[in-house]
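A.B. asks: The chain contents come next:
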Amino acid sequence: MSPPLLQVRDLRVHFPVRTGGVLFADYTPLKAVDGVSFDLAAGETLGIVGESGCGKSTLGRAVLQLLPPTSGAVAWLGTDVDLADKAALKARRRDMQVVFQDPLASLDPRMTAGAIIAEPLRNYHPELSSPDIKARVARMMEQVGLLPAMLNRYPHEFSGGQCQRIGIARAMILKPKLVVCDEPVSALDVSIRAQVINLLMDLQRELQLSMLFISHDLAVVRHISHRVMVLYLGKMMELADRDSLYRAPRHPYTRALMTAVPIPDPDQERAKPRAVTFGDLPSPLSPPSGCVFRTRCPKATAICAAAAPPLEAVAAGQLVACHHWRT
Amino acid sequence: MAAMGLLAPNGRATGEVRFAGANLLTARESELNAIRGNTLAMVFQDPMTSLTPHMKVGRQLTEVLQRHRGLGKAAARDQAIAMLRRVQIPEPERRFVMYPHELSGGLRQRVMIAMALLCGPRLIIADEPTTALDVTVQAQILDLIRLARDETGTSIILITHDLGVVAGLADRVAVMYAGRIVETGEVRRIFKTPQHPYTQGLLACTPRLDDAATAALRTIPGQPPNLQRLPPGCAYHPRCPYVMDRCRTNRPALLPAAVGGMKACFLDDLHLKAAS
Amino acid sequence: MMAVNLSSPHGAALEAAGEVAGRSLWQDAWRRLRANRAAVVSLIILAIIAVASIVGPYLLPWTYDEIDWDHIEALPPDFALGHYFGTDSLGRDLLARTLFGGRISLTVGILATFVALFIGVAVGAIAGFVGGKVDQVLMRFVDLMYSVPLTFFVIILMVLFGRNFILMFLAIGAVEWLTMARIVRGQTLALRGKEFIEAARASGGSTTAIILRHIVPNVLGVVMVYVTLTIPQVILLESFLSFLGLGVQEPMTSWGMLINDGAAELEINPRTLIIPAVFMTVTLFCFNFLGDGLRDALDPKDR
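These protein sequence lines are chains S, Z and G, in that order.
Mapping of the first sequence onto this note's numbering: residues 1 to 327, in sequence order.
Mapping of the second sequence onto this note's numbering: residues 328 to 603, in sequence order.
Mapping of the third sequence onto this note's numbering: residues 604 to 906, in sequence order.
Pulled out of the complex, with its shape left as it was, chain S reads as follows:
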């Protein structure tokens, strides 16, 4: 069997954060991503779910090599990515692209839509003539639902949804193998969100893309992903097939997330049990000992403080990190 497109093994990204010291700074590592492992097959979408500060965006950037990992390995088609080799890194980036959350901020305000979409082409195909580039940009714009005649407009002249389409066109123009979508619809109007989700799903099918879909919105992730990973304070809580995860979430955190999402139906929303978590996210600088979720977990016992639960396979394709998943 061919190796999976992307293999991530025990990836850790720690940032030194200055926490004190007058003359000589004291640094505490902020463990943004702490020991995450997963495989991603060609054509597969992995949803990454979690609340703010759980490290999901950092994970995406580490996979893209936009951030150097502290330790761990990211293997691409079976071979490790060597950060030091600039030429190899550039060649690798050709196959992995990114769509950002803020549609306007991710576009250079002084470039026209056409120039923005053409930029990857100009980086990787300097031999292309400008009519060629223009033709490909125009075709890409049509593919993402933009009129090619809007080529000369600047980002601020577009609506949020259209800006996001420009960002998507830029990510897709090189026909990459992997696209990391970092909250691509969170900043959009409800009525535009569905359009962009459908566009991403269509493109994925047409181009046979793999996707890492990072979002805090469980409903959106359910719609678009084949498998879903739940992150909390940089650690994997649960990783499972979409249907298993949503039908039978095992981790108390996953369950808490699911009950917390309001359902747009008055009868169901009012009938469902009230919030089961307590308090706020602990500071990621001093995460709780043992299981990081224990301070907010309704099932926490002494063992949770003593030891971090290992990832256990509880069913085919379902991994859970909890001492109490059976109950």
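The reader is advised that the hints may include incorrect statements.
Covered stretches of chain G, as calculated for chain S (at least 3 residues, CB under 8 Å) [claimed, not checked]:
1) 793–801
2) 806–819
When the alpha-carbon atoms are kept at most 25 Å apart in a straight line, the in silico DMTMM-like pairs for lysine to aspartate or glutamate are as follows [what the hints assert, rightly or not]:
3) G:Lys797 x G:Asp738
4) Z:Lys519 x S:Asp189
5) S:Lys272 x Z:Glu513
6) S:Lys272 x Z:Asp498
7) G:Lys797 x S:Glu183
8) S:Lys175 x G:Glu798
9) S:Lys272 x Z:Asp537
10) S:Lys177 x G:Glu798
11) S:Lys86 x G:Asp738
12) S:Lys86 x S:Asp10
13) S:Lys177 x S:Asp10
14) S:Lys272 x S:Asp217
15) G:Lys797 x S:Asp217
16) G:Lys797 x Z:Asp373
17) Z:Lys400 x Z:Glu420
18) S:Lys177 x S:Asp80
19) Z:Lys383 x Z:Glu418
20) S:Lys272 x Z:Asp489
21) G:Lys797 x G:Glu868
22) S:Lys90 x G:Glu798
23) G:Lys797 x S:Asp189
24) S:Lys272 x S:Glu312
25) S:Lys90 x S:Asp10
26) S:Lys134 x S:Glu206
27) S:Lys272 x Z:Glu429
28) S:Lys175 x S:Asp102
29) S:Lys86 x G:Glu798
30) S:Lys90 x S:Glu127
31) S:Lys134 x G:Asp902
32) S:Lys299 x Z:Asp470
33) G:Lys797 x S:Glu157
34) S:Lys299 x Z:Glu418
35) Z:Lys400 x Z:Glu429
36) S:Lys272 x Z:Glu455
37) G:Lys797 x S:Asp95
38) G:Lys736 x S:Asp85
39) S:Lys272 x Z:Glu478
Hint data in this document are derived by calculation from the structure and do not stem from the laboratory.
Every residue, glycine too, gets a C-beta built ideally from N, C-alpha and C.
Fit chains Z and G to the known structure of chain S by using the hints.
C.D. replies: Then chains Z and G, alone, in the frame of chain S:
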């Protein structure tokens, strides 16, 4: 915003907003100040920017009490701490002397709610109160708002784009599009038998956690309108699947719908039901 | 740009009708600059002053250093003699001197500013974008240069290279770029965290490409304003250096020197102050308007 008299200087509100009998739009600044924060309170989306950053939380709370209720310092402090306890802030005495940036987003929003509740308001306007929060914290804050409403009997105007939040909290719903109300009604009626095509579209295009994922989401085509150049007739007509000729030229009035509530659409109810 | 409604399909359809050619930031900026009346008028006035300074001295009956021995007493304007603005206290033609002074002042002002612009933008953008050790080294060097007094610096250069007109604007440029570098670095730091820079990196852009394509165009707006403030500053600095005997020397002159001389005779002969002062003030005003216009023209959001 218009009701609170907090519009930007270039905004002008016309019409009438009556609050407990007084027209707020024609009220003078001093009269408004007596109402605002007292019987009419507001909770904003971003609690970080709506709390003064250089003042301790406690000062901001007691100030309201001292101004509107004429309480002494000690009494105001006691009441403020009691209120912090009521909104389930752990260790309220310690939080009392903290600055807003030292609190988490959820705690800040609790402080905002405590501030809104302090003077026993008759109406709270909550503008996207949970949009900036994580879902688990959002659930807690929604519970708190529900509890505060049930305990104090205050009215709430909840402004949000999240249909789930509306479903959980609201009794009546008004759906707005391009600055106008397009449909109003009792909450169950809106969700079960939406009458305006925009409401239907919104409900259909929201991905839901409880239904099986389908191949493609239903969408509302087109882009939200530019408020400076609204289309003629019904503002929704360029995106409406049921658009008729007269929608392009005439604007439908908000009229009672057969199933209850009001709607601003030329289509009759029967047609809409069949279409949905 | 047509004022079409972006969200309406009608506006889009209108544009879709014609084939659209690609446009660059500079083409757009030029088009927007032409729409700015104050900037266009300023540009025209500056062009007139510049042309007059360059060719004017050749067309006048008197040269800048020629003394009219018959009228050493600061003659008022006399068309018959060809002294259109009169003469100064040494009997030299004031118009010829003003135009010649403009040549020197404008050359020094513009060249020194461009030297400062290039060094400052390059150093600032590299320091801000690359960061780390490079940033530390470059910015400490800037700090070091700041602490060297200007006159001291100019004297050292003069000892090393001898008296030279070129040297003067090199010296001024070498001082003025420091502030430019700091401004550009600050702007770059703010830009570096933006998502579109990350997006550029993710789409395979090298550091050089990102600096040239994304950082520099985005700092140009602020830089342009600073440039228009720098040109007047340099013109004034030049007159200060000349006054100290480190710049141009008599009988050569510059606006700064003319104003300086004129100020000494303000009470007896205000004309010798007012005429060069008017030229200089008009020039400085025009540069400011032009700078504002350029800033707006380079910002696609302002139209």
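A.B. asks: Determine for every hint whether it applies to the structure shown.
C.D. replies: Each hint, compared with the structure:
Only when three residues or more bring their CB closer than 8 Å to a CB of chain S does the claim for the stretch 793–801 of chain G stand; here the count is 4, and the claim holds. Restraint check on the stretch 806–819 of chain G versus chain S: 7 residues with Cβ-Cβ distances below 8 Å, three needed, restraint holds. Among the hinted pairs, Lys797 (chain G) with Asp738 (chain G) is consistent with the structure: their alpha-carbon atoms are about 19 Å apart, no more than 25 Å. Distance restraint check for Lys519 (chain Z) and Asp189 (chain S): the Cα-Cα separation of roughly 22 Å lies within the 25 Å cut-off, and the hinted pair is therefore satisfied.
Of the pairs offered as hints, the one joining Lys272 (chain S) and Glu513 (chain Z) holds, with about 20 Å between alpha carbons and a cut-off of 25 Å not exceeded. Only pairs whose Cα atoms come within 25 Å are accepted, and Lys272 (chain S) paired with Asp498 (chain Z) is accepted, the gap being roughly 17 Å. This hinted pair checks out: Lys797 (chain G) and Glu183 (chain S) have alpha carbons roughly 16 Å apart, not beyond 25 Å. Our distance criterion of 25 Å between C-alpha atoms is met by Lys175 (chain S) and Glu798 (chain G), whose separation comes to about 21 Å.
Restraint check: the Cα-Cα separation between Lys272 (chain S) and Asp537 (chain Z) comes to about 12 Å, which is no more than 25 Å; the hinted pair holds. Between the alpha carbons of Lys177 (chain S) and Glu798 (chain G) the distance comes to roughly 22 Å, so the proposed pair stays at or under 25 Å and holds. Restraint check: the Cα-Cα separation between Lys86 (chain S) and Asp738 (chain G) comes to about 21 Å, which is no more than 25 Å; the hinted pair holds. As the CA atoms of Lys86 (chain S) and Asp10 (chain S) are separated by approximately 24 Å, the hinted pair is consistent with the 25 Å bound.
Taken as a hint, the Lys177 (chain S) and Asp10 (chain S) pair is honoured in the structure, with Cα atoms around 22 Å apart against an allowance of 25 Å. Restraint check for Lys272 (chain S) and Asp217 (chain S): the C-alpha separation of about 19 Å stays at or below 25 Å, so the hint holds. Of the pairs offered as hints, the one joining Lys797 (chain G) and Asp217 (chain S) holds, with about 24 Å between alpha carbons and a cut-off of 25 Å not exceeded. Annotation: proposed proximity of Lys797 (chain G) to Asp373 (chain Z) holds, straight-line Cα distance about 22 Å (limit 25 Å).
A hinted pair counts as satisfied when its Cα atoms are at most 25 Å apart, and Lys400 (chain Z) with Glu420 (chain Z) qualifies at roughly 15 Å. In summary, the hint linking Lys177 (chain S) to Asp80 (chain S) is supported, as the alpha carbons are separated by about 16 Å, within the 25 Å threshold. This hinted pair checks out: Lys383 (chain Z) and Glu418 (chain Z) have alpha carbons roughly 15 Å apart, not beyond 25 Å. For a cut-off of 25 Å, the pair hint linking Lys272 (chain S) to Asp489 (chain Z) stands: about 17 Å separates their Cα positions.
A hinted pair counts as satisfied when its Cα atoms are at most 25 Å apart, and Lys797 (chain G) with Glu868 (chain G) does not qualify at roughly 57 Å. Distance restraint check for Lys90 (chain S) and Glu798 (chain G): the Cα-Cα separation of roughly 19 Å lies within the 25 Å cut-off, and the hinted pair is therefore satisfied. Distance hint between Lys797 (chain G) and Asp189 (chain S) is fulfilled; the C-alpha atoms sit about 22 Å from each other, no more than 25 Å. Distance restraint check for Lys272 (chain S) and Glu312 (chain S): the Cα-Cα separation of roughly 29 Å exceeds the 25 Å cut-off, and the hinted pair is therefore not satisfied.
A distance of roughly 24 Å separates the Cα atoms of Lys90 (chain S) and Asp10 (chain S); the hinted pair therefore holds under the 25 Å criterion. Proximity of Lys134 (chain S) to Glu206 (chain S) is assessed by CA-CA distance (about 22 Å); at most 25 Å being required, the pair is judged to hold. Under the criterion of a C-alpha separation no larger than 25 Å, the hint pairing Lys272 (chain S) with Glu429 (chain Z) is inconsistent with the structure, at around 33 Å. For the suggested pair Lys175 (chain S) and Asp102 (chain S), the alpha carbons sit about 22 Å apart, so the restraint of at most 25 Å is met.
A threshold of 25 Å between alpha carbons decides the hint, and for Lys86 (chain S) with Glu798 (chain G) the separation of about 22 Å falls inside it, so the pair holds. For the hint pairing Lys90 (chain S) with Glu127 (chain S), the CA-to-CA distance comes to about 17 Å; that is within 25 Å, so the pair holds. For the proposed pair Lys134 (chain S) and Asp902 (chain G), the alpha carbon gap of about 24 Å is at most 25 Å, so the pair holds. Taking the CA atoms of Lys299 (chain S) and Asp470 (chain Z), the gap is near 21 Å; set against the 25 Å cutoff, the hint holds.
Restraint check for Lys797 (chain G) and Glu157 (chain S): the C-alpha separation of about 19 Å stays at or below 25 Å, so the hint holds. In summary, the hint linking Lys299 (chain S) to Glu418 (chain Z) is supported, as the alpha carbons are separated by about 23 Å, within the 25 Å threshold. For the proposed pair Lys400 (chain Z) and Glu429 (chain Z), the alpha carbon gap of about 24 Å is at most 25 Å, so the pair holds. Proposed proximity of Lys272 (chain S) and Glu455 (chain Z) is supported: the alpha carbons are some 22 Å apart, at most 25 Å.
Under the criterion of a C-alpha separation no larger than 25 Å, the hint pairing Lys797 (chain G) with Asp95 (chain S) is consistent with the structure, at around 23 Å. A C-alpha spacing of about 21 Å is found between Lys736 (chain G) and Asp85 (chain S), which places the hinted pair at or below 25 Å, so the restraint holds. Using a Cα cut-off of 25 Å, the hinted pair Lys272 (chain S) and Glu478 (chain Z) holds, with the two alpha carbons roughly 21 Å apart.
Going down the numbered hints, you'll see the structure goes against 21, 24 and 27, while the others check out.
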